[in-house]
Amino acid sequence: MVNAVITLIMLVFIVFLLVHIILPTPQAMAKVYIGGTHFTQAEINAIIEQYGLNKPLYVQFLNYLINVFHGNFGIDTLYKVPVMYLLGKFIPITLEFVIIAIILQVLLGIFTGSVAGMWRNRVPDWVIKALYLITWAMPVFLLATLLQFAFAYYAKVLPPFNIANPLMIPPKTITGFPLIDAAIEGDWPYFDSLLQHMVLPVLAIAFAGFGITTRIMRASTIDVLDKDYVKLSYMKGLSSWQVFRKTVLRNSLIPIITLTALTFGFAIAGAVVIEEIFIYKGMGFYLYQSTVSLDYVAILSTTLIVGISVIIANFIADILYAVVDPRVRLE
Amino acid sequence: MKAVDLLKKAIGIRKDVDSFSKRVPENVSIWYYVIHDPQALIGLIIIALFIVWSIVEGSLQIIGGYLKDPALGWILLPHNPLAPPNAALSLKPPSLSYLFGTNLEGEDILSRILYAAPKDATAAFLVVGLAILFGGLLGTVAGYFGGWLDEALMRITDAFLAIPGLILAIALSILIGPGYYSVLIALTIVWWPIYARLFRGQTLTIKYRGYVEVSRLFGESSLKIIFKHVFPNAIDPVVAYAALDFGTVILTYSTLAFLGIGVQPPYPEWGAMASNGLSFFPGVWWYTLFPSLTILLVVISFILLGDRLQDIISGRLTY
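Top line first, the protein sequences correspond to chains U and V. Note that my numbering numbers the first sequence so that position 302 is 302, with each residue one more than the last. Note that my numbering numbers the second sequence so that position 232 is 563, with each residue one more than the last.
Covered by chain U, according to a simulated footprint, are these stretches of chain V (three or more residues, beta-carbon under 8 Å):
(1) 572 to 586
(2) 607 to 618
Pair ranges (Cβ atoms, derived):
(3) 568(V) <-> 320(U): 28 to 36 Å
(4) 478(V) <-> 316(U): 24 to 32 Å
(5) 568(V) <-> 21(U): 28 to 36 Å
It is worth saying that the hints were derived from the structure and are not from the lab. For glycine and all other residues, C-beta sits at the position ideal for the given N, C-alpha and C.
Model the full structure from these sequences, guided by the hints.
Here's what the structure looks like:
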């Protein structure tokens with residue numbers, strides 16, 4: 001807990017430092033805060049005064065830290081609204097499909113990894129290894145493009161881009177998560193449209209990342225299979241499925257939890273490219289737009305938010321770890 | 332699979348399962364394993380071709396630039412990769428004279444792929460090399476001295492590692508400004524923390540070994556011990572990891588180029604070429620597919636070799 005908080009503060013400090021290396025003068029900083037191209041000297045001075053940009057660096061850092069924890073990041077240059085408002089709109093969209101993708105990826109990885117581990121150095125193992133090496137080395141944009149071509153343009157079973165059918169009226173925003181909102185409002189046609197548009201981005205992220213889960217799952221399956229308690233389970237007369245479920249699965253899950261938190265970061269990074277290809281307007285698409293329009297405030301805020309969410313994900317993983325592993329729970 | 336087979340496997344000693352580990356004699360160099368393992372050998376051959384080509388093509392480009400004769404840069408290529416736009420040759424499908432087809436400007440895609448190779452190779456080796464240098468020094472020093480220095484470094488690396496590499500690289504290269512070198516700087520800043528962690532872990536196991544204790548007893552300075560004993564001994568497992576990492580750097584580098592960050596247009600770049608071709612996909616499939624497949628081929632060969640090296644060095648051959 002203490003470590004997580006120190007890491008969080010360190011993260012904010014690093015981003016703060018980067019901002020100050022790039023924008024060394026209060027004037028340059030104020031221009032970014034205004035977020036436009038037309039402004040007078042008086043406006044700049046007012047902003048400098050308002051945000052305390054001419055104060056000593058440590059005072060500014062404290063202010064920045066307080067601002068960050070209040071969700072006050074600055075104004076977006078393209079949309080002319082606070083960055084936090086936009087991120088609040090875009091983050092749930094990305095989070096929703098990324099979480100579904102991670103669940104799918106972990107399930108897929110657990111399956112392929114344990115198959116590869118049980119049939120080690122035989123045909124299933126080789127096939128799985130070839131598959132995940134290719135998806136691992138494949139640029140995410142190639143994977144996404146191939147999926148888009150196969151399912152949307154060739155088979156024509158899924159829509160090629162957008163979050164939902166643009167002709168439909170989206171339901172009222174309650175939680176911000178489109179699927180949950182549609183379900184609360186009972187707007188099932190829209191819910192269905194959301195799901196259909198989500199399949200391809202989810203598959204792209206899940207395929208891009210399942211290799212790491214497979215590797216870890218395979219290694220821990222092999223580790224567990226050599227343990228004495230597995231031999232004992234066979235001697236007690238359990239079937240191979242029962243042995244797998246009771247010993248291998250439960251013990252291999254422990255490293256998978258830590259890994260899932262780690263995958264979260266990779267998946268978010270993958271989402272930047274995937275959202276651009278599928279024009280899936282979430283946080284990744286927003287970050288891509290900001291890089292095109294050179295919007296420093298938006299880029300840094302997104303970076304910071306992603307960093308914070310990864311630290312939180314790791315923290316949750318640590319807690320889950322204690323829940324699943326009885327050895328940790330006993331202490 | 333029958334339960335009996337599973338039982339046999341479960342009771343059997345793990346080393347016996349792998350036929351490969353039985354074939355090799357003890358105490359041979361790493362290269363013996365690499366050359367006798369098909370997976371590692373394929374990776375090594377492709378990497379060797381990639382490196383040799385990059386050196387040849389890269390030096391031709393540098394000499395060409397020095398002699399103010401850019402044509403020297405494509406003397407070995409079938410066509411001029413930077414030819415002026417030619418509508419007559421635009422979007423031609425693969426043929427004998429244009430093996431990978433042509434792009435919208437009528438330039439040969441194969442020539443452009445080959446012309447772009449040196450920059451990718453430089454990026455991979457420079458970024459990983461600098462990351463090993465900076466991360467290695469910081470990690471070794473922190474691990475060796477311990478205390479608050481170690482604690483501070485760990486929290487800094489934690490903070491860096493919390494931001495996904497691609498996103499931090501995007502943010503940094505946009506902040507530094509457009510261009511190839513800003514991407515290299517950004518990638519180095521992204522890459523050093525993981526090596527700091529690796530070296531620190533190694534240092535912690537090395538610093539209590541006999542030869543280090545003896546040097547300390549003989550009154551050697553800490554600096555000398557770090558450079559003479561700790562750093563050289565820590566580097567072995569790191570090399571295996573680095574082999575795998577070259578591929579990851581190339582992947583990130585081309586993904587950045589795909590997003591329009593990095594090498595500026597007329598100069599070709601694999602990711603940028605794939606991105607340009609995307610709007611013509613799937614009708615003009617060769618435009619985006621060949622550059623993407625080149626990235627796949629290079630990255631997978633680094634992974635094939637690195638994956639095997641990691642197994643060999645850490646003695647996990649049976650995995």
